[in-house]
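With the hints as extra help, turn the sequences into a complete structure.
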Amino acid sequence: MRGVWAVIRREYLERVRSKWFILGTVGGPILLIGLMVLPILVAGRSESASRRVVVVDRTGVLYEAVRENLEQGGYELERAERTDDDALARYVAQATEGDIGGVLLLDDSSLERGRARYSARERPSPVRGLTLRGAVTQAALEVRLGADDPGVEALLAGGELDVNVLDSEGAGFDDPRFMITYVGTFLLYMVILFYAVAVMRSTLEEKTSRIVEVVISSIRPWHLMLGKILGVGAVGLTQVAAWIGMGVLTGALGLPALMAARPELSQLGELRDILPGAGYVALFAVFFVGGYFLYAAIYAAVGAMVNTEQEAQQIQMPIIFLLVTPLMFITEVIRDPGSTLSTVMSLVPFFSPLLMFARASTGSAPAWQVALSLVLVFATVVAVAWVAGRIYKVGILMAGKRPTLPELWRWVRES
Amino acid sequence: MAPNDYAVRLDGVTKSFGKHTAVDHLDLDVPQGSIYGLLGPNGSGKTTTIRMIMGILHPDVGSVGMFGGDLDEVRRTRVGYLPEERGLYKKMKVVDILTFLGELRGVPRGDGRARAQRWLDRLGLGEWASSKVEDLSKGMQQKVQFIGTVLHEPRMLILDEPFSGLDPINQDVLEEIVMEFHERGTTILFSTHLMDQAERLCQSVCLIARARKVLDGDLKEIKRRERKGVLAVRFEGDDGWLRGPEVISMEQVADSTHLLLGEGADHQAILRRGVAAGVAIHRFELVEPRLHEIFVRHAGAEAASADGGLPARANGQGGAS
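Sequences listed follow chains U and A, in order.
At the far end of the first sequence sits residue 415, using my numbering, and the numbering has no gaps.
At the far end of the second sequence sits residue 321, using my numbering, and the numbering has no gaps.
To be clear, the hints were calculated from the coordinates, so they are not data collected in a lab.
Hints should not be assumed to be uniformly reliable.
To be verified - Dumping the calculated EDC-like pairs for lysine to aspartate or glutamate here, alpha-carbon to alpha-carbon at most 20 Å:
{"hint": "1", "chain 1": "A", "residue 1": "Lys-93", "chain 2": "A", "residue 2": "Asp-121"}
{"hint": "2", "chain 1": "U", "residue 1": "Lys-19", "chain 2": "A", "residue 2": "Asp-135"}
{"hint": "3", "chain 1": "A", "residue 1": "Lys-90", "chain 2": "U", "residue 2": "Glu-205"}
{"hint": "4", "chain 1": "A", "residue 1": "Lys-91", "chain 2": "U", "residue 2": "Glu-14"}
{"hint": "5", "chain 1": "U", "residue 1": "Lys-401", "chain 2": "A", "residue 2": "Glu-85"}
To be verified - In silico contact screen, one side only, chain A against chain U (beta carbon under 8 Å); selected entries:
{"hint": "6", "residue": "Met-54"}
{"hint": "7", "residue": "Gly-55"}
{"hint": "8", "residue": "Ile-56"}
{"hint": "9", "residue": "Arg-76"}
{"hint": "10", "residue": "Thr-77"}
{"hint": "11", "residue": "Tyr-81"}
{"hint": "12", "residue": "Arg-86"}
{"hint": "13", "residue": "Gly-87"}
{"hint": "14", "residue": "Tyr-89"}
{"hint": "15", "residue": "Met-92"}
{"hint": "16", "residue": "Leu-101"}
{"hint": "17", "residue": "Glu-103"}
{"hint": "18", "residue": "Leu-104"}
{"hint": "19", "residue": "Arg-105"}
{"hint": "20", "residue": "Gly-148"}
Where is the CB? At the ideal position from N, CA and C, for every residue including glycine.
This is how it looks when you write it as structure tokens:
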């Protein structure tokens, strides 16, 4: 076991220290978050000096409703005392000078079609444009449907759908977090593939650089393979953990701070509702470990079988096919997670890591099925590792042509 | 000798790869503390034998023992092994890779790091400790490779074709390190296809050809035994008198012709033929045979023909050698 530790430590440290790992782990998400948040911030900043909006309300009934909606969005509103064209022209002139942020003209067409005119020096950002438009249409609807009826406001807010799942044990499921399941499944696919391929590359590197002979003269090939898979897997877990940590930090600290600074971005608060919870994260980790072990063992054997990256490319096609197949079913599984097809597919060990994760993370897989799939996955891991270990042991010393299937079978049988 | 006087003992070891028999019923005793040469032409089974001693391959038949016991992982970590095909992790720092290699053989990390630095200093690579392997020249990488072989103070060094592919300076460096370990009582087992080199360094040898042992034992003993085998002659005239049933082959060595004689050959018969032919004979002497001649005498010119500084064999199915 001493040797296994040495191998794990080497694989882990060499990878975690590399600049690519640091870039991918820290830089990637920061870049992603930055790309999303920066335009909002920049757009908000340019307008921050001009939040004061004068409302010229020619309908006489819309102002109060509009004010309520826009003040929530961070605007300071002022009602124009006079609404004739001269007054309007005066306010527009003030807006042109930059004394006020903008002039919002409401007239009969606002009440009829939700149409309004906004005059400002600069075009409002899409977020602000949406806020303004939403405020006017909502105000118009409220007035026309009878603002004193409290039910109208709830209707206008978009209503609610209480989902009552009768068929499965995942009854606690309340909000449709399909998006996050999609994203999670694809992320899982990418992380499993990336790190399994890293195991193959590492095996191939040891083989082509010839250092492997010295290593396996000291420790068993099986221990080398095990150490390599564990070491690389630990790197994968570290990366996933770092991403989750940054996600939690963004959700818990970054988002409230952003909303405090830019009240008009209050819609972002809804993001928090769809951010993954602890159960989701645990599922992700468990299925990553299972899927990674399964595919890393296969890829280790592939790395031992071949001599060049090109050969590896050819031989890994069927394996990638195994890994991609569940992705082709992901929409079907998310749309109808209780169907026979979804259930059966998600119980196939090679597909479980992605499909059972998808079903479980939307809460639509019974606990016993999740448990069964994990048992099947890990049983398959043991079987695959046994076969892969034997191929690895023979292959890692082989040079020359790639083995044929009968030869592979002989390696497995005889070693 | 008692069984535990042997550093390595092979007992009836056979190894096949498919239909090809790489090692055929090989018995081998490597005395503790000796310098032992495993000699044979390329493809004769040396590398396969060494890989079985290192536990990388397992014999189909027979057993391998080490330091008077079974070949287990603990005993094997007391060996410093330099394979024929060498390499290092290109992207790793020199000192890290040496620490790792030490750790695989049970040297604690801190200790390994210190030893690595000492060896690097000694071989003039002290400043390169924190460089990546790929930034080193080929010769420097070879030195790092030796350090990796000896860092854990092994009880035995097993070196497969250690001098092939080395530049002359590193050949000397390696030989110096090896002799130093020998003086400290470390057993040295190495394979080579270069007979002259083996003759200079070895105390004991095992000659193998076509997967089988030809002969083995103490080198001085072998030479004494083989004394009647080589005849050195110098003469003037036609060389027809030298051809006869007793002579296996002829070779020009310095100013004389060396005749390799078959078992039980009567060299006086050759002399009589020379006198009868009327050539002027200046030298007619039985000489101590060279290892190469002993080899040819026992294995036949054909079996030994791959010998003589050919480049390393192509690594075929099973890496059999």
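Any hints this thing doesn't respect? Which numbers, in order?
-> Of the numbered hints given earlier, the structure breaks none, since each of them holds.
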